[in-house]
Amino acid sequence: MLSIDADAHVIETEKTWDYLEGTDRRYRPVPITVDMPSGKTQNFWIIGGRLIGGRDNIGQDTSKESREMANIDSRLRHMDEIGTGVQVLYPTLFLRPVTDSPRIELALCRSYNRWMADIWSKAKDRLRWAVQLPLLTMEKALDELRWSHGNGACAVFMRGIETNHTLHDPYFFPLYEEASRLNMPIGIHSGIGNFTVNEMLNGEPFRVAKLMVIGGFHSMILNGIPERFPKLRIGAIEVAAQWVPYLVHDLNLRFPKLEGKQARPDVLSGSKQLFAACQTDDDLPYVLKYAGEDSLMIGSDYGHADNASELLALARLKENGEIDPKVIDKILFTNPARFYGLD
Amino acid sequence: MPIIDADAHVIENDSTWDYMLESERQFRPRIVGATNGDPAVDYWFIDGRLMPRSNVEKKLPEAARNMSDLSIRIKHMDELSIDIQVIYPTIFIFPTARRPEADLALCRSYNRWMADIVRQTLDRFRWVVVPPLLNMDRVAEELKFGKEHGACGVYLRGLEANRRLSVSYFFPLYDAASKLDLPICVHSANGSIESHDFFLDEPGFCKFKLAVVGAFHSLVNDGIPERFPQLRIGIIEVSAQWIPYAIHDLARRHTRRGKQLSKNVLKDKRVWVTCQTDDDLDYILGYAGEDSLVIGTDYGHSDNASEIEALRKLRNDSKIPAQVIDKILDDNPRALYAL
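If you read the sequences in order, they're chains A and B. Residue numbers for the first sequence follow the numbering used here, beginning at 1 and rising by one. Residue numbers for the second sequence follow the numbering used here, beginning at 1001 and rising by one.
Listed next, with one range per pair, are the computed distances between beta-carbon atoms:
#: 1; chain 1: B; residue 1: Lys1313; chain 2: A; residue 2: Lys289; range: 20 to 28 Å
#: 2; chain 1: B; residue 1: Asn1264; chain 2: A; residue 2: Arg228; range: 42 to 50 Å
#: 3; chain 1: A; residue 1: Arg26; chain 2: B; residue 2: Asn1264; range: 53 to 61 Å
#: 4; chain 1: B; residue 1: Pro1100; chain 2: A; residue 2: Leu342; range: 51 to 59 Å
With a cut-off of at most 30 Å between alpha-carbon atoms, the simulated DSBU-like pairs for lysine-lysine come out as follows:
#: 5; chain 1: A; residue 1: Lys289; chain 2: A; residue 2: Lys326
#: 6; chain 1: A; residue 1: Lys261; chain 2: B; residue 2: Lys1313
#: 7; chain 1: B; residue 1: Lys1267; chain 2: B; residue 2: Lys1179
#: 8; chain 1: B; residue 1: Lys1059; chain 2: A; residue 2: Lys257
#: 9; chain 1: A; residue 1: Lys289; chain 2: B; residue 2: Lys1267
#: 10; chain 1: A; residue 1: Lys289; chain 2: B; residue 2: Lys1263
#: 11; chain 1: A; residue 1: Lys257; chain 2: B; residue 2: Lys1058
#: 12; chain 1: B; residue 1: Lys1313; chain 2: B; residue 2: Lys1059
#: 13; chain 1: B; residue 1: Lys1259; chain 2: A; residue 2: Lys64
#: 14; chain 1: A; residue 1: Lys140; chain 2: A; residue 2: Lys124
#: 15; chain 1: A; residue 1: Lys318; chain 2: A; residue 2: Lys289
#: 16; chain 1: B; residue 1: Lys1319; chain 2: A; residue 2: Lys261
#: 17; chain 1: B; residue 1: Lys1144; chain 2: B; residue 2: Lys1179
#: 18; chain 1: A; residue 1: Lys257; chain 2: B; residue 2: Lys1313
#: 19; chain 1: A; residue 1: Lys318; chain 2: B; residue 2: Lys1259
#: 20; chain 1: A; residue 1: Lys257; chain 2: A; residue 2: Lys231
#: 21; chain 1: A; residue 1: Lys261; chain 2: B; residue 2: Lys1058
#: 22; chain 1: A; residue 1: Lys257; chain 2: B; residue 2: Lys1319
#: 23; chain 1: A; residue 1: Lys40; chain 2: B; residue 2: Lys1259
#: 24; chain 1: B; residue 1: Lys1319; chain 2: B; residue 2: Lys1267
#: 25; chain 1: A; residue 1: Lys289; chain 2: B; residue 2: Lys1319
#: 26; chain 1: B; residue 1: Lys1059; chain 2: B; residue 2: Lys1075
#: 27; chain 1: A; residue 1: Lys261; chain 2: A; residue 2: Lys272
#: 28; chain 1: A; residue 1: Lys289; chain 2: B; residue 2: Lys1313
#: 29; chain 1: B; residue 1: Lys1059; chain 2: A; residue 2: Lys261
Worth flagging that the hints you see were computed from the coordinates, not collected in a lab. Virtual Cβ for every residue (Gly too), placed ideally from N, Cα, C.
With these hints in hand, go ahead and build the complete structure from the sequences.
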């Protein structure tokens, strides 16, 4: 059975910005390397006058040409070697706030998305991607969403906080409406899209990258987004799944206090709309009691070298033998296929 | 065996601020309501900001909630089989002050009010002192005052002074708390105006609970227990169900740094966590160990964590061995608060 890597990455390069057009070219990110007082060097992009990171989270267990998508065949061969049929590609740069200028955001998203579409066009069956939307301008975001749908995108990339809004804010309802119509899920990926909160927490990875996603997922469920948009699928990506029992417990203390709601211990396990990407170090037999067999997926974080990266995660899940092989098949294929609409 | 309620509350009232100095009266909080008398509009007005006064369990007598008549509260504790309550504030769950001088006035008055309330009944009530963290040079003397007047912990929120709790700004606090044998008690709350207000329309999971879970993670990940080897840490009113997730994440981060997270992290780092009766305690104990869980009622409040019968329910549910329950109800809070 084919395995779907529910969370793989591309590393943006100068080529990513070759798709900027016309006057947008003035917003082209500039790569720089800084000699730090520690004696190490750090790599950044200069975007709109700001120093933006995201060039140093590099998984050396992958080749440069593969992770940067300079050689698609190389990437596909590596996927064959590690037993991955399909990868769903998420960005690297955009895991953090990049700009608060709507014009720059639109230009960068358009260029990134066209680069991704170009990559997809070379391996349509095996490389799918999550679209990066210019959410500071909702009308443009919807245009970009529609364009990406015809060009290989199978999900909407969002972070735990986007713009100046929590994810259950009505500001995002037009997006959820259109994503539902296009059968594209919302992948809330480890990351944050708000400069103020990010800087206040000093970019502390656990809080800004993990807890904010769990908080966003929680707030969408508590505020009834799945009920309001019954065709919308929502996934929490790259934050492990060990938190699922905590979330379910907390929601079930809150539901009875809300008008018209009651406790729902099966809020995830009984849902066809909610998903989470797990990790091999999660206590999966326990997590499955809360998440159910049909909600978990798994990703390798291909291309990165951070706390969630595990190139061979999909293979290890099989080897670990902790859970029923039938459930493993669901995690490796059936569930991500359903989440990303690849079935 | 004595039973200790590791997380109870007092509801502040107008007399809480009677202890302000003459020079501080300009910062005295005011109770404000709607001019049309709508009872749903009920706030404190403090330093230019509004704080809700809605998290109150109205089934309890007012004199028990605000501790104006301790005999009523003690009678109720006896009915609940609670021997000692550790009292946390209500108003300071929110970021209360923008200006250092207002912060100092509020903390000083609250601490003196609490000292006055419990001075005759220290066998039944202990309390956590609120440090004026926008005035770090005044923190040590305030902690000393608290210690001399029955305080058994130092109140902290998940974020304080717009900072993470692991940054060096707080080292003088941790040093003073260590010397006075007072644990820092990070309670479900948020002291950052920016972070709190960003999540204003959110009921508390992000702005209060996750802020505290994040604080636990950063304190441990950044080595605060090793830097302050006498410091004890309480993580209060966020349940214990999150512990496996935080430990899994910490373990991965330690491994990446070539270190190994100890098997009994909480005990080794001197961290205690309040659990709730809906937690999967048999499972959680596998991560937390028997010596690190405590439990509270959230007495006085009516929120997601409030359970007036929590201590009795823990005993009666018998989901975990009786000797572990004894530890959660007595030995562990006694160790955390050095009672």
